[in-house]
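Top line first, the protein sequences correspond to chains R and X.
Residues 0 to 460 in numbering that gives the first Met the number 0 are what the first sequence lists, from first letter to last.
Residues 0 to 460 in numbering that gives the first Met the number 0 are what the second sequence lists, from first letter to last.
Keep in mind that a hint or two might mislead.
Derived lysine-lysine pairs resembling DSSO-like cross-links, with alpha carbons at most 27 Å apart [claimed, not checked]:
| no. | chain 1 | residue 1 | chain 2 | residue 2 |
| --- | --- | --- | --- | --- |
| 1 | R | K201 | R | K151 |
| 2 | X | K416 | R | K416 |
| 3 | R | K256 | R | K35 |
| 4 | R | K201 | R | K213 |
| 5 | X | K151 | X | K201 |
| 6 | X | K416 | X | K188 |
| 7 | R | K363 | X | K71 |
| 8 | R | K363 | X | K70 |
| 9 | X | K363 | R | K70 |
| 10 | R | K55 | R | K35 |
| 11 | X | K363 | X | K188 |
| 12 | R | K363 | R | K416 |
| 13 | R | K71 | X | K363 |
What the simulated footprint calls covered on chain X by chain R, stretch by stretch (three residues with Cβ under 8 Å from a Cβ of chain R suffice, anywhere in the stretch; the number is not a length) [claimed, not checked]:
| no. | region |
| --- | --- |
| 14 | 34-41 |
| 15 | 309-323 |
| 16 | 381-395 |
| 17 | 442-455 |
In silico negatives: residues of chain R with every beta carbon more than 12 Å from chain X [as the list claims (entries may be wrong)]:
| no. | residue |
| --- | --- |
| 18 | S96 |
| 19 | E164 |
| 20 | R452 |
Hints in this document: simulated from the structure, not taken from any laboratory.
For each residue, glycine too, the CB sits at the ideal point set by N, CA and C.
Protein chains: 2
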Amino acid sequence: MALRVVVVGAGAAGMSAASRVKRLLRDKAEVVVFEKGGWVSFALCGTPYYVGCRVKSLEELTYYPLEEFTKKRGIRINLYTEVVDVEADARRIRYRSRGGEEGVYEYDYLVLATGARPRVPRDWLGYENVFTLHSLDEADRIRSFLVANSVKRVVVIGGGYTGVEVAENLRGLGKEVVLVHSRGHVLNKVLDEEIASIVEEKARGHGVELVLGKRVEALEGQGGRARRAVLTGGDAVEADAFIVAPGIEPNTVLAEKAGLRIGETGAIWTDEHMRTSNEYIYAVGDAVETRDALTGGRVWWPFAPAGNKQGYVAGTNIAGGEAVFPGVVRSSALGAFGLYIASTGLREEDAPRYGFRPVSAYLKARTRSHYFGGGPEIHLKVIADEETGRLIGAQAVSEDSSAFWRVNIVSALIWGKATVWDLFSYDQSYWPGANPVWDPLTIAARLLLRSFRGRDWRTLS
Amino acid sequence: MALRVVVVGAGAAGMSAASRVKRLLRDKAEVVVFEKGGWVSFALCGTPYYVGCRVKSLEELTYYPLEEFTKKRGIRINLYTEVVDVEADARRIRYRSRGGEEGVYEYDYLVLATGARPRVPRDWLGYENVFTLHSLDEADRIRSFLVANSVKRVVVIGGGYTGVEVAENLRGLGKEVVLVHSRGHVLNKVLDEEIASIVEEKARGHGVELVLGKRVEALEGQGGRARRAVLTGGDAVEADAFIVAPGIEPNTVLAEKAGLRIGETGAIWTDEHMRTSNEYIYAVGDAVETRDALTGGRVWWPFAPAGNKQGYVAGTNIAGGEAVFPGVVRSSALGAFGLYIASTGLREEDAPRYGFRPVSAYLKARTRSHYFGGGPEIHLKVIADEETGRLIGAQAVSEDSSAFWRVNIVSALIWGKATVWDLFSYDQSYWPGANPVWDPLTIAARLLLRSFRGRDWRTLS
Numbered sequence: 000m001a002l003r004v005v006v007v008g009a010g011a012a013g014m015s016a017a018s019r020v021k022r023l024l025r026d027k028a029e030v031v032v033f034e035k036g037g038w039v040s041f042a043l044c045g046t047p048y049y050v051g052c053r054v055k056s057l058e059e060l061t062y063y064p065l066e067e068f069t070k071k072r073g074i075r076i077n078l079y080t081e082v083v084d085v086e087a088d089a090r091r092i093r094y095r096s097r098g099g100e101e102g103v104y105e106y107d108y109l110v111l112a113t114g115a116r117p118r119v120p121r122d123w124l125g126y127e128n129v130f131t132l133h134s135l136d137e138a139d140r141i142r143s144f145l146v147a148n149s150v151k152r153v154v155v156i157g158g159g160y161t162g163v164e165v166a167e168n169l170r171g172l173g174k175e176v177v178l179v180h181s182r183g184h185v186l187n188k189v190l191d192e193e194i195a196s197i198v199e200e201k202a203r204g205h206g207v208e209l210v211l212g213k214r215v216e217a218l219e220g221q222g223g224r225a226r227r228a229v230l231t232g233g234d235a236v237e238a239d240a241f242i243v244a245p246g247i248e249p250n251t252v253l254a255e256k257a258g259l260r261i262g263e264t265g266a267i268w269t270d271e272h273m274r275t276s277n278e279y280i281y282a283v284g285d286a287v288e289t290r291d292a293l294t295g296g297r298v299w300w301p302f303a304p305a306g307n308k309q310g311y312v313a314g315t316n317i318a319g320g321e322a323v324f325p326g327v328v329r330s331s332a333l334g335a336f337g338l339y340i341a342s343t344g345l346r347e348e349d350a351p352r353y354g355f356r357p358v359s360a361y362l363k364a365r366t367r368s369h370y371f372g373g374g375p376e377i378h379l380k381v382i383a384d385e386e387t388g389r390l391i392g393a394q395a396v397s398e399d400s401s402a403f404w405r406v407n408i409v410s411a412l413i414w415g416k417a418t419v420w421d422l423f424s425y426d427q428s429y430w431p432g433a434n435p436v437w438d439p440l441t442i443a444a445r446l447l448l449r450s451f452r453g454r455d456w457r458t459l460s
Numbered sequence: 000m001a002l003r004v005v006v007v008g009a010g011a012a013g014m015s016a017a018s019r020v021k022r023l024l025r026d027k028a029e030v031v032v033f034e035k036g037g038w039v040s041f042a043l044c045g046t047p048y049y050v051g052c053r054v055k056s057l058e059e060l061t062y063y064p065l066e067e068f069t070k071k072r073g074i075r076i077n078l079y080t081e082v083v084d085v086e087a088d089a090r091r092i093r094y095r096s097r098g099g100e101e102g103v104y105e106y107d108y109l110v111l112a113t114g115a116r117p118r119v120p121r122d123w124l125g126y127e128n129v130f131t132l133h134s135l136d137e138a139d140r141i142r143s144f145l146v147a148n149s150v151k152r153v154v155v156i157g158g159g160y161t162g163v164e165v166a167e168n169l170r171g172l173g174k175e176v177v178l179v180h181s182r183g184h185v186l187n188k189v190l191d192e193e194i195a196s197i198v199e200e201k202a203r204g205h206g207v208e209l210v211l212g213k214r215v216e217a218l219e220g221q222g223g224r225a226r227r228a229v230l231t232g233g234d235a236v237e238a239d240a241f242i243v244a245p246g247i248e249p250n251t252v253l254a255e256k257a258g259l260r261i262g263e264t265g266a267i268w269t270d271e272h273m274r275t276s277n278e279y280i281y282a283v284g285d286a287v288e289t290r291d292a293l294t295g296g297r298v299w300w301p302f303a304p305a306g307n308k309q310g311y312v313a314g315t316n317i318a319g320g321e322a323v324f325p326g327v328v329r330s331s332a333l334g335a336f337g338l339y340i341a342s343t344g345l346r347e348e349d350a351p352r353y354g355f356r357p358v359s360a361y362l363k364a365r366t367r368s369h370y371f372g373g374g375p376e377i378h379l380k381v382i383a384d385e386e387t388g389r390l391i392g393a394q395a396v397s398e399d400s401s402a403f404w405r406v407n408i409v410s411a412l413i414w415g416k417a418t419v420w421d422l423f424s425y426d427q428s429y430w431p432g433a434n435p436v437w438d439p440l441t442i443a444a445r446l447l448l449r450s451f452r453g454r455d456w457r458t459l460s
């Protein structure tokens, strides 16, 4: 009899697991996916660009058409079908379809890919012009509303990834945009102040009004529509529409029903094989926590590359293989206002909390050789631990995509537990059309090495 | 009394050493540079672009104007002054200026930065229309000759870095270009066949006639001008000008006069502090060999980033500091015909010679997410050792600069002795405008992991 594998959630992580099982076991596995929405293998990261009409259709935001999974890969997919309970001892799930049909399905292995959800005061969403943006359908509703109601002015609440990208896209549509963020700087989970300031300067240059360090205490309105966001201190900002992007939290409802262990971060706990505390249940994607390979602790890091790899790893193990997902070092990236923005590791401000004594180098440099025009500027910060010399973080911003790549080089070095000496020494190549002969990364290493003067470079470890 | 430091050669490596000593010791060091030519801190890598008029003036090819070194950094520089002998026991050099003036100069420490030189049959250079390209002055002579003689057709001899870049630049000037290369593929020192073929296809698309696998046996001409390059087998190629770029060799003349140890590669031997076999003589740049951190052996790797770092390391040590240059992993890069071309580590073809059993993944993929237009294609090859799983090389070609950066990520991983499992696992970030969620590097890792099926990923090491 075929191995019965049930996957809950048809996002990238879930479909990655489903595909991997079928790939390895083919007819020896029956893989069934339950998805409460109507989309498969979708890219939530792309939704701001759909709102901004840079991505024309929602179909473009799926990695593959449905038939790729059903016809070609032989996966059974139930759309608009929500899994409402997991009976772990009996190894079966209960589902309910959009039409109200209920059913039970037994599994040999279950994969929970239930994702994350926005944290929003419930009463805010009672207004028809207040939106979150955490699904393709929500993206569609926002875009429709903007057009149908000739929206002129939008307040975006929250200056994290989604907030910043939505604000940029709304400006691209010619809307007046106010971005309200409760902290003193945007993107404060991943950027230190000096790098975030560059993003803010660019945002303002693009016409976004930034209201920083103020919390939205309430939305007020009438006739079913919100009119004003009331801020800490009593000021208010008016708008025709409000997009609430206040951060997300892992969706652990089913995991809790199944009695699975929830980790210290509030997300589903798994071991490095992506197995939960129940040996027949795996979990992957934005609903799970993972290992922080830099600090050695646990971290909830809901980004797509990790989710995809986790799906691949879970699928491999379910199929009888031997694979591990080793964790993350907190790499992430975005683009906004013509900038590539990237970070990895810890922010300098956060590093002491993990037992590090941070030292940092911050520099502004040209991305290419002067005789190739120099290229756009890059603002680069690299952070190391004063005691061991280990690299513990990097952040960069530039109009040039090398900001993204240079930070990923530091990510690869951090992965290998590299020191500032390694940052100086690793064999960075050079071509004048791509970088200066003293790459900004190498210069950052030189600046950092000043903090270690008198110490033998090789003993930094 | 101030420490007297003499540097022979004002290229980037030499000036890097000179600057570092002055930076650390200031008035406690007297640094004197002898340079047989007229340029300081020059970028030889830029000369093909000067020939192609993409770099307008030779001054642009110097990193800093002369005054930066003399006035601001307090370095004494003697241009057009050749060091003709080193009397190591007496710790002094003998020099001769362009005007014929001779002299002796004593040193506490000597830095040899004598560079490399092209390997060309001496009689070829007797023709006034035959050139090498290994100095700014030669670049100037070529550019002048092309204009003054209305050159229509040029034969470039040698399909290495210089040959390929010169060929591209001459096409950019509208010349007919024939590139003759003795091996079956261009860039055969750094690229395997399948990657080199992409470059060749692009070269032909740009109108360069490629003659591969044939050696130029002789140049024939009359009236002081070469007219034909006679190839193996008797065929000949005619042209108005000939640029000979047949590879370079380390310039060890002074090192041999000083009785220094020459390494197994034919370049000057140094320890990791960049000290030669004479404790008062350091050597840096294209004249020295270094450690191959991948194979553990010695390698002559005459590229600018290594030279600059070696200068920095030598200068630090001369000034009483403690720095080491740890070697290279054979990273290099170039651009030609709209392509970024990069490589690191060993070619698959060469790997067995160093005791590796190579397995490789080769793929063609889009550089960005499909809903951001996909970006240009990248051709990527990653090579690993079948026994240990260690990464031992990567090569990439793309119109997108990410080819350059992705290879440098592998370079950083190789530096950390990473395995294919690390290539899968390191925390590569994702933003749809920069890469697909499954980055081509991660896909290469997945392909490579097939060669290790059944082995615990973590035990690959």
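Against the structure, the hints come out as follows:
no.: 1; hint: R:K201 to R:K151; in the structure: holds (21 Å)
no.: 2; hint: X:K416 to R:K416; in the structure: holds (11 Å)
no.: 3; hint: R:K256 to R:K35; in the structure: holds (17 Å)
no.: 4; hint: R:K201 to R:K213; in the structure: holds (20 Å)
no.: 5; hint: X:K151 to X:K201; in the structure: holds (21 Å)
no.: 6; hint: X:K416 to X:K188; in the structure: holds (22 Å)
no.: 7; hint: R:K363 to X:K71; in the structure: holds (22 Å)
no.: 8; hint: R:K363 to X:K70; in the structure: holds (25 Å)
no.: 9; hint: X:K363 to R:K70; in the structure: holds (25 Å)
no.: 10; hint: R:K55 to R:K35; in the structure: holds (24 Å)
no.: 11; hint: X:K363 to X:K188; in the structure: holds (22 Å)
no.: 12; hint: R:K363 to R:K416; in the structure: holds (26 Å)
no.: 13; hint: R:K71 to X:K363; in the structure: holds (22 Å)
no.: 14; hint: 34-41; in the structure: violated (count 0)
no.: 15; hint: 309-323; in the structure: holds (count 5)
no.: 16; hint: 381-395; in the structure: violated (count 0)
no.: 17; hint: 442-455; in the structure: holds (count 5)
no.: 18; hint: S96; in the structure: holds (29 Å)
no.: 19; hint: E164; in the structure: violated (9 Å)
no.: 20; hint: R452; in the structure: violated (8 Å)
Checked against the numbered hints listed earlier, the structure breaks hints 14, 16, 19, 20; every other hint is satisfied.
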